[in-house]
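*Asks:* The primary structure of each chain is shown beneath.
2 protein chains.
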Amino acid sequence: MTIVPVILSGGSGTRLWPLSRAARPKQLLPLTGDQTMLQMTADRTRAGFAPPMIVANAAHAHEIEHQLGEVGVTPAALILEPAARNTAPAIALAAALAAPDALLLVMPSDHLIRDPDAFLAAVRTAAPAAGQGWLVTFGITPDRPEIGYGYIRAGDPVLPGVLRAERFLEKPDVVTAEALVADGRHHWNAGIFLFRADALLAALAGHAPDVLRAVQAAVAARSGEGLRILPDPDSFAAAPSISIDYAVMEKAERVAIVPVSMGWSDIGSWDALHEVGGKDAAGNHVAGDVIAIDSSNCLIRTDGPAVITVGIQDLIVIATRDAVLVVPRGESQRVKQAVEALKARGGKEL
Amino acid sequence: MTIVPVILSGGSGTRLWPLSRAARPKQLLPLTGDQTMLQMTADRTRAGFAPPMIVANAAHAHEIEHQLGEVGVTPAALILEPAARNTAPAIALAAALAAPDALLLVMPSDHLIRDPDAFLAAVRTAAPAAGQGWLVTFGITPDRPEIGYGYIRAGDPVLPGVLRAERFLEKPDVVTAEALVADGRHHWNAGIFLFRADALLAALAGHAPDVLRAVQAAVAARSGEGLRILPDPDSFAAAPSISIDYAVMEKAERVAIVPVSMGWSDIGSWDALHEVGGKDAAGNHVAGDVIAIDSSNCLIRTDGPAVITVGIQDLIVIATRDAVLVVPRGESQRVKQAVEALKARGGKEL
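First to last, the protein sequences are chains Y and X. The numbering used here puts the first residue of the first sequence at 615, with every later residue one more than the last. The numbering used here puts the first residue of the second sequence at 615, with every later residue one more than the last.
Derived from the structure by calculation, the hints contain no laboratory data. Just so you know, these numbers come straight off a predicted model, no measurement behind them. Hints should not be assumed to be uniformly reliable.
Just so you know, same-sequence chains aren't split out, so a pair can sit in one copy or run between any two.
[Unchecked claim] The calculated DSSO-like cross-link candidates involving lysine-lysine, where the alpha carbons are at most 27 Å apart (straight line), are:
{"no.": "1", "residue 1": "K893", "residue 2": "K785"}
{"no.": "2", "residue 1": "K893", "residue 2": "K865"}
{"no.": "3", "residue 1": "K962", "residue 2": "K785"}
{"no.": "4", "residue 1": "K957", "residue 2": "K893"}
{"no.": "5", "residue 1": "K957", "residue 2": "K785"}
{"no.": "6", "residue 1": "K785", "residue 2": "K865"}
{"no.": "7", "residue 1": "K865", "residue 2": "K950"}
{"no.": "8", "residue 1": "K957", "residue 2": "K865"}
{"no.": "9", "residue 1": "K950", "residue 2": "K962"}
{"no.": "10", "residue 1": "K950", "residue 2": "K893"}
{"no.": "11", "residue 1": "K785", "residue 2": "K950"}
{"no.": "12", "residue 1": "K865", "residue 2": "K962"}
With the hints as constraints, model all of the structure from the sequences given.
*Replies:* Have a look at this one:
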């Protein structure tokens, strides 16, 4: 069975502002090393898979081609979304364009996987079930009561290492999260999936027919140039904006989960990057032109001015040419307050 | 008697780095309001004095003329030092060029005086003594045991409000400073003076003849254009680099002090600026494109990128186009560690 990676690069999050911008979102930034998150994601797909399909914001087409070229990955297709419609329409585009019996390995472009071998083993575990028509999710075994993720409850085995996905839970409160982690049956929903293209299309037909209709029309009337595929904008605009979880996974009959521990992080905040990123002896994660003097347990990054800190602790300092953010470590979710304040005055720094 | 202000603009300090630079030192920056420190200093000299003489670094001539023009002050002369030689040669240049019987009111260009009326009253108090040939210093009545300044001990009265200056003390340790403040006889040496030009030249002849000789030669061979006076570089280079305190004040016979409380600050650090600068309800002093969210008791300034802080306390954040400094409030003297680190790698941000 051919496994076709589908890399979703539609995100334009602001949680890593001011480094992430509309024009250069998180997946296009080098956050944990020399390679960008997209490059690392693409690099992982070379382990015996077919060339990947990329689904991306049309505005990023050139940068994505450039970054893939740097790491020597030639995609099977670069599907350029005419509008942002969340993950269900994005994944449906790939499914409609792929061979019906292809196994689509859907993954976000901006997640860190520090143990790629564990990831590949989990994909091998999932493949037989996906081949039988199961929609397989990969559930991250939780190591803390995280309230920022959704959880999936695993039920009875359906194949070796593959369990029925009994229930999808939204982001819980902390008491609930603690109970979920303690019972050993719940796993984080990382938005990574394996399924046959035709199985996904059938599930869409049953549970989200408006998504399927719009996407099929957009694909039928597509244009393109080289590897770029441009779905018809008017048709695609009719698709509702809806996640694959809401549209399909929480509703379909044959949904399974493969639990996996693979050093996963979605690097959903500056605090998360401090946690997973390399650190100096004083616990500082620094990147760019930074001089940290007598400073400890800080995250300090710049792609603009030199940043010099003296005698600070537990701070996040992010500098770019046009914006500097300073927030205590442990409070990096408050970047959204900064983003809101900037939006209120025009938001040119976003 | 004509009182001729002599404004010393030779400083190129780094204590307010990264805002102060070699090309734009503290006196040329607007630190406490819309006007630069030089502009505020020049503005004060309009209260019944003759037009000021400015002694400055030749590299700043154009900027100084521009800034003085903005506040409508036309100097009597702009004396451009061919090299930096500390205050004794700088003041000697002005004394050698002034009328012998002029009273020179020497003042740094980068000090804040929040009560200019008290300053003017002190000058009026000092004038009779200066007219009699006393070298008069203005001593700031201390309000705290500051270890960053020199102190002057006041002795017996020589004229109303004018006391003999008994002793000059270098920057003390904190125990000594507490004793000096407690005894009520010691005042901060602010580097502000009033004396006859010929009295200063006579004191130089007695106590620093090498300074006088070099300066007189430099003045004799001067060139100039408009209000600009260019002392001869080769002659001036022969002057030792020495402060007026070491060269004259600590040695001369007839040195007096007029104690004064005039809301004085030399704004010698970011902490000092936080202390004297305007603050919002949360105790933040901000300037430039700053958004301070849930932040308190901070000093946040930028003349480059927008600075957004969320949830921070007691921090100093200074941003420019090419450098950002972050240091805890109360530790701003540590900016010198940042400056040293930058020097070690080339110092282009200085």
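*Asks:* Measure nothing new, just compare the shortest in-copy and cross-copy C-alpha distances for K950 and K893 to 27 Å and report within, between, both or neither.
*Replies:* This pair counts as both: shortest intra-copy Cα distance 25 Å, inter-copy 25 Å.
*Asks:* When no copy is named, should K893 and K865 be tagged within, between, both, or neither for a Cα gap of at most 27 Å?
*Replies:* neither (43 Å within a copy, 56 Å between copies)
*Asks:* Can you give me the call for K785 and K950, within, between, both or neither, at a CA distance of at most 27 Å?
*Replies:* This pair counts as within: shortest intra-copy Cα distance 18 Å, inter-copy 47 Å.
*Asks:* Is it within, between, both or neither when you check K957 against K785 at 27 Å Cα-Cα?
*Replies:* Only inside one copy: K957 and K785 sit 26 Å apart there, 50 Å across copies, limit 27 Å.
*Asks:* Given identical chains, is K957 near K893, meaning Cα to Cα at most 27 Å, within a copy, between copies, both, or neither?
*Replies:* between (33 Å within a copy, 25 Å between copies)
*Asks:* When Cα atoms must be at most 27 Å apart, do K865 and K950 count as within-copy, between-copy, both, or neither?
*Replies:* Neither way: K865 and K950 sit 32 Å apart in one copy and 63 Å across, limit 27 Å.
*Asks:* Have a look at K950 and K962 and pick one of within, between, both or neither, based on CA distance no larger than 27 Å.
*Replies:* Classified as within: same-chain Cα gap 15 Å, cross-chain 34 Å, threshold 27 Å.
*Asks:* Using 27 Å as the alpha-carbon threshold, which applies to K957 and K865: within, between, both, or neither?
*Replies:* neither (36 Å within a copy, 63 Å between copies)
*Asks:* At most 27 Å between C-alpha atoms: does K962 with K785 qualify within a copy, between copies, both, or neither?
*Replies:* neither (31 Å within a copy, 49 Å between copies)
*Asks:* Using 27 Å as the alpha carbon limit, work out where K785 and K865 are close: within a copy, between copies, both or neither.
*Replies:* within (18 Å within a copy, 77 Å between copies)
*Asks:* Is it within, between, both, or neither for K865 and K962, if the alpha carbons may be no more than 27 Å apart?
*Replies:* neither (40 Å within a copy, 61 Å between copies)
*Asks:* At most 27 Å between C-alpha atoms: does K893 with K785 qualify within a copy, between copies, both, or neither?
*Replies:* neither (30 Å within a copy, 41 Å between copies)
The earlier numbered hints that this structure contradicts are 1, 2, 3, 7, 8, 12.
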